[in-house]
Every structure is written in structure tokens, then in C-alpha cells.
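Chains as they are written, first to last, in my numbering: chain A, 426 to 843; chain B, 28 to 365.
These are computed hints drawn from the structure, not numbers from a lab. Hints may be right or wrong, so weigh each one.
[What the hints assert, rightly or not] With the C-beta cut set under 7 Å, the calculated list includes, among others, these residues of chain B facing chain A: (1) 111; (2) 182; (3) 214.
The beta carbon of each residue, even a glycine, is placed where N, CA and C say it ideally should be.
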Amino acid sequence: MADQTIQPPRESFNLSMLLYDQRYRGLTIQVVVLILVLSGFFWLANNAATNLAAIGKPIRFDFMDDTAGYDISQHLIEYNSTDSHGRATLVGLMNTLLVAFMGCVTATIIGVVGGVLRLSNNWLVSRLMTLYVEIFRNVPVLLWILVCMFTFTALAPQPREFRGENPEATMKMWDSVAVTNRGIYLPEPLFSRPLGDIDIGVFKISIELLVLLGLLAGGILFARWNAARANKIQAETGERPTTIWMAVAAIVIPPIVVLIALGFHVGKPELTGFNFQGGINMSAPLIALWLGLSLYTGTYIVEAVRSGIESVNKGQAEAASALGIRPGRTMKLVVLPQALRVILPQLTSQYLNLTKNSSLAIAIGYMDLVATLGGITLNQTGREMETILMTMGIYLTISLLISFSMTRFENRVKLVER
Amino acid sequence: MKTSIFISALAAAVALGGLASAQTLDDVKARGKINCGVTEGTLGFSARDGEGKHQGFDVDFCRALGAAIFGDSEAVEYIELSSKNRFTALSAGQVDLLYRTTTWTFSRDVDLKTSFVGVNYYDGQGFLVPTGLGVSSAKELDGATVCIETGTTTELNLADFFRVNGMSYTPLPVGGTTEAKALFEEGACDVYTTDASALAGVRASLKDPAAFQILPEIVSKEPLGPTVRHGDDQWGDVVRWTQNALVAAEELGVTSANVAELANGTDNPEINRMLGSEGALGAMLNLDADWAARAIAATGNYGEIFERNIGENTPIGLARGLNAQWTQGGLQYSPPFR
Ligand SMILES: N[C@@H](CCC(=O)N[C@@H](CS)C(=O)NCC(=O)O)C(=O)O
Chain A
426 MADQTIQPPR ESFNLSMLLY DQRYRGLTIQ VVVLILVLSG FFWLANNAAT
476 NLAAIGKPIR FDFMDDTAGY DISQHLIEYN STDSHGRATL VGLMNTLLVA
526 FMGCVTATII GVVGGVLRLS NNWLVSRLMT LYVEIFRNVP VLLWILVCMF
576 TFTALAPQPR EFRGENPEAT MKMWDSVAVT NRGIYLPEPL FSRPLGDIDI
626 GVFKISIELL VLLGLLAGGI LFARWNAARA NKIQAETGER PTTIWMAVAA
676 IVIPPIVVLI ALGFHVGKPE LTGFNFQGGI NMSAPLIALW LGLSLYTGTY
726 IVEAVRSGIE SVNKGQAEAA SALGIRPGRT MKLVVLPQAL RVILPQLTSQ
776 YLNLTKNSSL AIAIGYMDLV ATLGGITLNQ TGREMETILM TMGIYLTISL
826 LISFSMTRFE NRVKLVER
Chain B
28 MKTSIFISAL AAAVALGGLA SAQTLDDVKA RGKINCGVTE GTLGFSARDG
78 EGKHQGFDVD FCRALGAAIF GDSEAVEYIE LSSKNRFTAL SAGQVDLLYR
128 TTTWTFSRDV DLKTSFVGVN YYDGQGFLVP TGLGVSSAKE LDGATVCIET
178 GTTTELNLAD FFRVNGMSYT PLPVGGTTEA KALFEEGACD VYTTDASALA
228 GVRASLKDPA AFQILPEIVS KEPLGPTVRH GDDQWGDVVR WTQNALVAAE
278 ELGVTSANVA ELANGTDNPE INRMLGSEGA LGAMLNLDAD WAARAIAATG
328 NYGEIFERNI GENTPIGLAR GLNAQWTQGG LQYSPPFR
């Protein structure tokens, strides 16, 4: 009301004005609705809490400290069945984040490449992209995930087919990669003189990784400082010293020296017993979920990229080509940066969709947050209310974090008017 | 998936307080039928036949209840539940009871606020493997990938078994028998584990049963039985004593063939009390005097139900074993009708 320019004549306030006076009516209605909604929520929550208490299951969260009792095959941090439900939840959460991250990256790559190709002048290429988009977008993502899982397990050889004199299946890439229907086994980095781990309570961080990352960061900082110095010299003398060799040396040499000192070698997966052991294992459910989510969400990003590109005024590309810039560079330097403003908001909602869709994981046995906390923990402890509330809270937090960081990114690419 | 669990959980929470003290028997009578929670398909225990009708060992116990309460074994609605959502469905009041291969355990009985009112099948967890795998004992399964159904005692037993024996494994958890079987047949896992009784059914339904074998080890106790909500003793009594009547009938030689005749009176007072020609046991349960006679007439006694659905002359081919009458060296034993 503060910005009202025409002051009405002063009159004494009476209660009926809340209803009949236009100035107050809107506010009155809002307050009434707010009170109704809040009391509705309160009634539901209170009812749930008393009813749960009445049957002897008051809302409490201490079961999270109890022994989980179940195993989780893919755990990014140490875990076994004697750990608590809380830790099982953390393992599930990390699995959710892992597949969501992998999915978002791949879907974005598919989307950008696909979106550009969809506008290609080549009839066949653009039709193929249309076909891909229409096929994948019009079938529920759960089906794609199941299709990926069953195709993978049916097509890839069983571990036992790698055995024998003339095995039916062999390892790829100089015997370092095994593709089986249980998953893909990749070589892993190993150190014969390791530095050990730092235990930060919840999980451990390997010191080697920290050292290598530190050296890399140091090298990059040095290279940037060196470039700044070159700029200065160029400004003063007009001649620019070559920086590239110094930069490469600073970034590459220290890590290599450290790697050699630590006795770096790769550990290859080996067939022992029923399955391959050793190496990095990407399980079949992870691969199927990742592929299914990426291919499905990729179609939406293709469309977002396409509409983004189409939103950029044709004159921009024409102007670029009039200046003699080649089509590829025009796309990269002129069109895409401007299209980004249209693409980003849609990209955000696709990232959110992909993350939420990853909760279909349990259909193929991938142990994500819904399969652990919202699944086995819920079922074994009978704490439906608590586990579902927590699961929802965690998804909400992840979603808000994604939106928040994407909004910051959007603000950075906004058109800055001069 | 998430929302549906959420909605049942919410419904459970909102409805629970009322139901816990409510008289399920009155609700059932008013509704005119029983809502019986069964599996989504375990051959021999509960599965749809060619006409879409539910058939099986567990189903027959639901039918006996229908006969005892309404005199109509068809007055039952079968609600298929996965291992994972069965207890939520029970506490939300979606079903009146579970006859759903559900193991009686301490935490389910005490902490989950459900009550077990009997054991209709004494079972244990077993392992099914392809013969080509070359293992003859569960102790040789170190490193194997194992298909399990989530939300079961199976996954907990499995973790214990491998840990105690110092072996590692990769669990591949799935939501139901159908998916588990498909993955197992495709070779996505080396081993399929669940209750031994169900394994027999799974094996029988595989394309080439002879290519699979059940390992000799039974690694757990799985007393499977009817489950009701905690705190409704009247309803619990109806379910418990209907099952007891079927077990006692076998011991006393009452069958679906002779029950009509014996119901007129015999010189065995226990049979007379059970079938209603003496005393007023039915009235104590708030049921008609011939409640037990109707149940036995509808499904036959425990032995008849067993032989018809899962016995040695069926594709499932289970021996009575632990489920023989106590007089035959088994564990099936009904308290007296008195
Ligand atoms: N007895 C165990 C396992 C029960 C269970 O879920 N069994 C499986 C195999 S018998 C089943 O009923 N599956 C049928 C379905 O998924 O609907 C328990 O109570 O946790």
C-alpha cells in the first residue's frame, strides 16, 4: 500500500472494510486461505503423528542407527551389512548422485550434438535425429531402462564364457577390459608405494589423489601466472615470449614424477571363481540405468538445443558468414552462445527430471536412495512415514541445489546490455 | 513408484489409529467379503490359473476363511502384494490379512505392529543354481552374483550367511519373482535364492527344469503364516482357529468327503465341538455354529490342501517333511478344540 499515489480521504477503520473494501479484500482472502492451508497441513501431520503413536509407532528417527542387515553391491564408500541404516542411506544417496551426474553429462552431450545435427542440411542426418527423438521420447523411460538392462544381459557374454582353452569370449583392449553380462570391468590405477588414506569420519580420501590434484592445480596456477607475465612483457616490449612449453611442463611433469615415485601401474581385472575380480566395475544395472536415462533425457535436450538455435536471429549467422567465418565456427562462436540463454532454463528442468527419474533404479536392481532408504530400510523397519519423509526431503534438497547452481550459471550468460 | 508408496504410507498413517482398535470382523461382515493379501504369483502358493482365478495353498486358506465367515468360499477378494509393500498394505487397511508366504520374525511381530496367528508352512531358505555352474554346496558360492527379492527375510539371511562363512557375493535385488526369474534365466545372476518351497515352484516353471538344481543347504528358518494387524484379537482368533480347524481336521480324520456326515454328530467329543454339534465354539468367535464344518467342506483339511496344491503329485512336488502332523513326526499341531 506504500506506493499508492492517490491517498484516499482519511476515514476510521472498521472491520467490515476487510470484506467490502477493495484495498483490504485481497489481503483478507490471502490470509484466510493461508490459515486454512496451514491448519490443513497441521491437521494431517498431527493426525498422522497421533495415529502412529496410538499403534505404538511414534515418529522417531533412532532406527537409523540400527544395523541395516542388508548388503549393497555398489558402494562408493566402505559398507557392509553390519553398518547402520543411516550409512546404507548414504551409500544409496551416493549411488543416486553418481548415476544422476553421469546421466546429465551424457544427456547433455547427446543433446547438443543431436540438436545441431537435427538442423543439419543433410536430409538423412536430420531425419535420423528426428527418428531418434520421436522413438525415445514417446516410450516411458522405465521401459527404456528395462530394455537396456535385458538387452545388455542377453547380449554380453557370461563370465564363464571367458574360461577354457578356446573361450567363446575374450577380453578387449590388450586384455585389460572385460565386457560381461554382469557389467564392464575396467583396469584400475594402483600404486606399489601408496601414501595411504585420510579418514574424515564418514569416508576416506586417498592421499595420492589429493597430492595429484594439488600438483595439477599448482601447475595450472603457474601456467596462468606465466601467461599474465607474457601479456605484460608483450605490452611493454611488443614481443610475446613463448609460454606453451613452460605451461605444459608445469602441468605435466610434476604429476608424472610423483606417479613414478609412487610406483604407478594399472591393475587388470581377472577371472577368478564366478566373476571377474579387481579393476573398476561398472555393473550392468548402472550401465542400463545410465544409458536409459541419458538416451531418454537426451531427446528433450536435443529439442531444447534445436529451439535455442532457432531462436537466434538468422541475421547473426549471415553476418558471421559475410565476415568470412566458417559455418562450424559460426555455430560455436556466434550462435550457440546466444542460444544458451534459451537452452539453459530447459536444461535445468531436464537435469531435475533425470535426477528424479533415476529413482526407477530398483526396477533393475540398482541400489539408489529409493531402493535403500525408501525401499529395504522402509520395509525392514516398518517406518513408512519417517523413511518416506526423509527420502522426499533429500530429493527436494538435491533438486533445489541443481536449480540454484543452474540459475547462477544462467545469470552469468545473460545478455549484458551496454 | 515413489508416490504410490508415499500415498499408502500417508493413508496408513492417517487411517491407522482408527483401524487398530476397530473390529476387522465387523468390517468384513459388513463388506460381505474378505480382502486377502497374496503374492503376485508363486506357483503352488498363489497364482492365477488359465481363467484368471487365484489358486494355491495360501489361496485355499483364504477360501476356508470365506467359508467359515460367510458360508461362501468365493467371498474373498485377492489383493496381490509384492514382498516390499505387503506390510504397508496391511497396516493401511487395504487388506484384512496376509496369506503371503510371510515369515514370522521377532521384529515383524513386535516392531512392525503386525501379529502372526499361525504357521501354515514351515519353510527355510534355499539356493537354486544351474547344474552347469558346477557347485554342489552353498559353501562354494564365494564371489557369486545372487538374485534376491527385496523386502524379504531372504536378503537379510543371505547377508548373514555369506558374512558368517567369510564369503563375498554381489546381490542383485529385484522387486518380484517374475523379474528375478527372467534375470536368472538370462544368466544375469549365478544363483537364485528364496524360500525353498517357492524355489521348487520357480524351478518347475523354468524352460528346462532339469538344467537347474536346488542345493542341499537350508540356511534359515522360515515359518510362513497368516499375518493380521496388531491389536485386533477377535479377528486374529478367527484367522488362527480357522487354520487350526483345518489342521485338527486332518489329525481327527475329518475330510471334505465325510465332513457333512460327521457334522451330524460322532462319538468323538472333540470332533463334535469343532463341527458344532456340541457346545458353542462358533458363537464364541461370533461365527455360526457350523463355521469349521463349512471351511473343511470348502477346501478339505490341511493334508488335502497340501496334496492338492504343492504335494508330491503336483509339479511342485514337495514332501510333507516338517509340515506333517505331529503324530507323523512333523510340526503341524493344533491346540485342542475345547
Ligand atoms: N518368507 C520371506 C520371503 C517371502 C517372499 O517374498 N517370497 C517370494 C518368493 S516365495 C514371493 O512371494 N514372491 C512373489 C511375489 O513377488 O509376488 C519373507 O517373508 O520375507
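The hints, checked one at a time:
At its closest, the beta carbon of residue 111 (chain B) sits 5 Å from a beta carbon of chain A; the interface hint therefore holds under the 7 Å criterion. At about 5 Å, the closest approach between the beta carbon of residue 182 (chain B) and any beta carbon in chain A falls short of 7 Å, and the interface hint on this residue holds. Taking 7 Å as the C-beta contact cut-off toward chain A, the hint placing residue 214 (chain B) at the interface holds, the least distance being around 5 Å.
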